[in-house]
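The primary structure of each chain is shown beneath.
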Amino acid sequence: MPDGNKLSSDHRVGRSIPRPDAKDKVTGALHYVDDLPFDGLYGATVRTQTARGRITGLRFRDGSEHGVDWREIAVVTAKDIPRISKLDGLDPNLVSLLIRDQPFLVRDEFRHVGEPVALLAHPDPEVLRRAVQLVEIRTEAATAQHDYRVPPTPDQVQHGEDGPDANVFKRILVSKGAADESAAAFREVFDNAAHVVAAVYETQAQEQCYIEPNGMIARVEVAPEDAEGAVWPRKPWKLIVEGSMQCPYYVHSAMTSLFQLPDKAVQIIQAATGGGFGGKEEFPSIIAGHAGLLALKTRRPVKLIYDRVEDMAASTKRHPSHTRVRAALDADGHLLAIDMDVTMDGGAYLTLSPVVLSRGAIHAIGPYRVDHVRVHNRVTLSNTPPHGAFRGFGAPQTVFAFERHLDRCARAVGLDPVELRRRNLIVRGDTLAISQRIDEPIELHKWMDEALTAARYEQRRQAHALFNTEAEISGNPLRRGVGVATFMHGAGFTGAGEDRLASEVMLRARVCANGEGGVEVCTANTEIGQGAITVFTQIAADALGLPLDAISIARPDTDQVPNSGPTVASRTSMVVGHLVARASDDLVRNLEVSGALSDDDLRSDPDDDRASALSDAHGRKYRTDRLRRALCTAATQESGPLEGWATYERPPGGQWDDVAYKGIAYGTFAWATYVADVEVDLTTFQTRIVDFVASQEIGRVLNPMLAEGQIQGGVVQAMGWALLEEQIYVDGQMRNPNMTNYVVPTFADVPDVRVLFQESPYAYGPWGAKGIGELPMDGPAPAILNAISSALGIDIDALPASPERLMRAVLNAQAQEIR
Amino acid sequence: MSSIAHSAVRVSRPTSLAEALDQLADAAVRDAPLRPLAGGTDIMVEANHGGLRQRDFLDLSGLKAALGGFTWAHDGSLRIGAMCTYATLLADARSHAELPILMQAAGLVGATQIQARGTFAGNVENGSPAADAAPALLALDAVVHLQSSRGERTVPLEAYYTGYRSTARRADELISALTVPKQPGPTREQFFRKVGTRAFQAITKVGLSARITWLDDAIADTRIVATSMAATICRARHLENALRGLTTLDQATVAGLRRAQDADLRPLDDVRSTAAYRAEVFHRLVCQAIRETRPS
Chain A
1 MPDGNKLSSD HRVGRSIPRP DAKDKVTGAL HYVDDLPFDG LYGATVRTQT ARGRITGLRF
61 RDGSEHGVDW REIAVVTAKD IPRISKLDGL DPNLVSLLIR DQPFLVRDEF RHVGEPVALL
121 AHPDPEVLRR AVQLVEIRTE AATAQHDYRV PPTPDQVQHG EDGPDANVFK RILVSKGAAD
181 ESAAAFREVF DNAAHVVAAV YETQAQEQCY IEPNGMIARV EVAPEDAEGA VWPRKPWKLI
241 VEGSMQCPYY VHSAMTSLFQ LPDKAVQIIQ AATGGGFGGK EEFPSIIAGH AGLLALKTRR
301 PVKLIYDRVE DMAASTKRHP SHTRVRAALD ADGHLLAIDM DVTMDGGAYL TLSPVVLSRG
361 AIHAIGPYRV DHVRVHNRVT LSNTPPHGAF RGFGAPQTVF AFERHLDRCA RAVGLDPVEL
421 RRRNLIVRGD TLAISQRIDE PIELHKWMDE ALTAARYEQR RQAHALFNTE AEISGNPLRR
481 GVGVATFMHG AGFTGAGEDR LASEVMLRAR VCANGEGGVE VCTANTEIGQ GAITVFTQIA
541 ADALGLPLDA ISIARPDTDQ VPNSGPTVAS RTSMVVGHLV ARASDDLVRN LEVSGALSDD
601 DLRSDPDDDR ASALSDAHGR KYRTDRLRRA LCTAATQESG PLEGWATYER PPGGQWDDVA
661 YKGIAYGTFA WATYVADVEV DLTTFQTRIV DFVASQEIGR VLNPMLAEGQ IQGGVVQAMG
721 WALLEEQIYV DGQMRNPNMT NYVVPTFADV PDVRVLFQES PYAYGPWGAK GIGELPMDGP
781 APAILNAISS ALGIDIDALP ASPERLMRAV LNAQAQEIR
Chain B
1 MSSIAHSAVR VSRPTSLAEA LDQLADAAVR DAPLRPLAGG TDIMVEANHG GLRQRDFLDL
61 SGLKAALGGF TWAHDGSLRI GAMCTYATLL ADARSHAELP ILMQAAGLVG ATQIQARGTF
121 AGNVENGSPA ADAAPALLAL DAVVHLQSSR GERTVPLEAY YTGYRSTARR ADELISALTV
181 PKQPGPTREQ FFRKVGTRAF QAITKVGLSA RITWLDDAIA DTRIVATSMA ATICRARHLE
241 NALRGLTTLD QATVAGLRRA QDADLRPLDD VRSTAAYRAE VFHRLVCQAI RETRPS
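Residue numbers (our numbering), protein chains in the order written: chain A, 1 to 819; chain B, 1 to 296.
Hints listed in this document are in silico derivations from the structure and should not be mistaken for laboratory results.
Hints should not be assumed to be uniformly reliable.
Stated by the list, open to error - If you want the ones that stay clear, here's a sample from chain B, every Cβ over 10 Å from chain A, calculated:
hint, residue
1, A27
2, R79
3, R169
4, I219
5, P295
Claimed, not checked - So, partial list: chain B residues that the calculated Cβ filter (under 10 Å) puts toward chain A:
hint, residue
6, I43
7, V45
8, R193
9, A199
10, A202
11, L268
12, D270
13, S273
Claimed, not checked - Far from chain A, some chain B residues (derived; all Cβ distances over 10 Å):
hint, residue
14, A28
15, V29
16, R53
17, K64
18, L90
19, A111
20, I114
21, R150
22, T162
23, D221
24, T253
25, Q288
Where a beta carbon is used, it is the ideal one built from N, C-alpha and C, also for glycine.
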């Protein structure tokens, strides 16, 4: 790339290329898993109805009055799953994830309402619905833990030994400066500080609310002569699962473990997927397993689709959190030390909680320079469905606590919240709380100012102060406030995570419909509404210097595509997109080696800067017609289509120390300042977001329309978390598992979200791009709550800032004034 | 364990009012009453959640000509046919000019699609304590017209609800229309505010529909209708009495209003809101209504 900051008009990267998948989605031509042609049985799940206990028996009540004949219904329970795997000696009934503790089907002990106990299959979904109601689960109750914040009593211990670590899934300590020396040295910083500010913040669970609920179709393929045998299947067989998911290879690994099959005997295919947001990261493995178990038992394809109620009640949500923050500041508002205690609610099983906690810990102190830091993080058990992956992955919780706390600190010191941030933001060469030195050319102060200018922050702040004073005198019930959050988000897996994934991408020569040569991009990364197909197309087209229609994106199918890692962690464009560009270069190199391209095919104008995301890997540019002809030949060669490959290589730089929790956590961060302007009506205590500015530095905008949409969507999702969304649990049972009573925002509830981008290219992302998928989830809640707190003159420290919560806060404050 | 609803749904589709009334009467005699189905916007939600209260329906879609639309009578009253949708009346300029709170309520029902199907009569008959249009109708002194093969009778909406989701309609009767009388005072005296769970597609957490008649500087007469504050939408009688003669909103008056309200309305905690929030906000809405309806 000749110039790091400019793209010529020939580039497809940097332009709002329309999505190739848009038309079929808008017209309804696209088939989601429930729309696929299907000839088989339907599956349904029988679930526990209490929070903790032991199953003593199942009773299948007579269904003759309800048109249910048990002889026609296939039933699978944990008894159908062997206790010891032939492959590894482990219990195949336990889902293979970070550890194995969550069963596909309860064998005896269960830990939450809605835990799967039995699976039923029948050709008529209506009969099945009634049959589920007829299964009686007999249980012996055990004492459930409903509050993740308090230590368990001995009879509540379900993970680890009784003691300080009982029911603690994971602890992480981040420390720096005096906290590394001794507790006394750390205490001394607080003792000598001009200001010490302390408070507690809480956040609630959140449902991902993808438009399409979870669903899977499974079938078993056997050798023809094996089809009728009494023992079935006798010969080697193959499990094929197709459905809604983010991570085909996660499902693949879970299925090889459950069914004790070699890799080749499991094929996982992503169907068109209507949104994921993390909700289809780890959870689909369980549904795939259930559908597979039924298919194996019934010898028929089985379709298992959740309706909205089942999906909301049984699947994973965002981890609730409780965070204590203590800050020491000098008289000028410089942060001297931070002491933070973060507790997250893991739910009933460990699932991905340690990784969620890790991201929360690393993002806790944001883009600020603090010399002395101690952040103690733990994630604990409670008897609710497991909390799992959700956009932001732990960061929104800690960012909320810290950014709210900065406003409190500003008031204690007597500074404007923006000025306090200005005095503490890092500059190039500073280190984060995790001791990662930021050497990239950041200009956080300038970028924050651009956001503030766009939001007219200063004017609004002054106007609101005047407005609120007058409103109080005149009896006007409206109060106005503006709030800011400044934060960052690291893209890709943490630390050595990407090394362990060792993602691979393959590009393959192909013949297009018009007979010309083209390329197929093969990755395991899924289109889940975010625009992965579009961005990969743009990257490959530019890397190769081919028109967009010469590029096709292979469907994620584990028989067809290499494992390029999961579609999570804001990694698809940045990490996998970079591999697509590198694999493009490899393909061209292989064309050269094979003799399909020669110097005669080079472009005559060497200054043409089209092609190659990589400045140094491959500088040679070929004429498009010659390249396409070469691809055509290479696609039809006898030995199979020519391929180009790329495998992840860690960018140069330091290491991450997973024990000390220090080092290079992420290759880069996206940096952001969000500004919210709100109006609270003291008649109803409802908050209206009047204006919202989301400004971020993201390296390179690959597709302005998609990037803006990604940010707006994330901001709106975060607005729901900030103001509306709340799961109501009674005895571990969700009482509002529907979209009437679990309230997500509509367009009428949100303002036009104004999006600004700054670009400071990252050397190891395609054309400099950084990941942005999760970033917009981190900042809105603190910005909005800071604005509300400013409007009311009362600190609101817990989410959601529902009218009910604001009313309690206002009435409490009034009662205290009277006293 | 939730109930098992499995028997088939039966639907009869009369093509005339007389036929409809006959079918209702027959079914009533057989003690297997038919449930009238107009826009279906409430019934479909019930069906989707597997909790249909009844499974035998009288589909009124063939009676759109007989029962649809609305008419303004010479005496200035508005007759809303049983099959008149929100969207139909929302297109009527005179309704906006004379009955603004009914139009505000109609415009906040669900969203555009629901407004195109849902009917005023269906909203009244559904009997939800969180209804949108029914409370506005009650504040405007609407009357329910019930027809049966035996003839017609009218019941003031005020007397229509006999308990949670139960109404004065007999099994052989059908709502044929609702009438809203000509309003005695200027439209400024009408007040409506729905406090929903969100801006649209929302169920009312607490709502006030009111008509406050002022004579000189004092309140002469009121209709104070509470939504989501009791088992049915209802008028708050103690509060209405306390408001009569009121001139200013000083601290003592406000406290008195709150006491009167508490004598009328004992809201509940549920998944959508809290009793404390409902009571406090209803009180604040009443104060807002007084301020906003007062002649300047």
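The hints, checked one at a time:
no. : hint : verdict
1   : A27  : holds (24 Å)
2   : R79  : holds (32 Å)
3   : R169 : holds (26 Å)
4   : I219 : holds (19 Å)
5   : P295 : holds (18 Å)
6   : I43  : violated (15 Å)
7   : V45  : holds (8 Å)
8   : R193 : holds (8 Å)
9   : A199 : holds (4 Å)
10  : A202 : holds (8 Å)
11  : L268 : violated (14 Å)
12  : D270 : holds (9 Å)
13  : S273 : holds (6 Å)
14  : A28  : holds (27 Å)
15  : V29  : holds (27 Å)
16  : R53  : holds (17 Å)
17  : K64  : holds (28 Å)
18  : L90  : holds (17 Å)
19  : A111 : violated (8 Å)
20  : I114 : holds (12 Å)
21  : R150 : holds (37 Å)
22  : T162 : holds (26 Å)
23  : D221 : holds (24 Å)
24  : T253 : holds (14 Å)
25  : Q288 : violated (5 Å)
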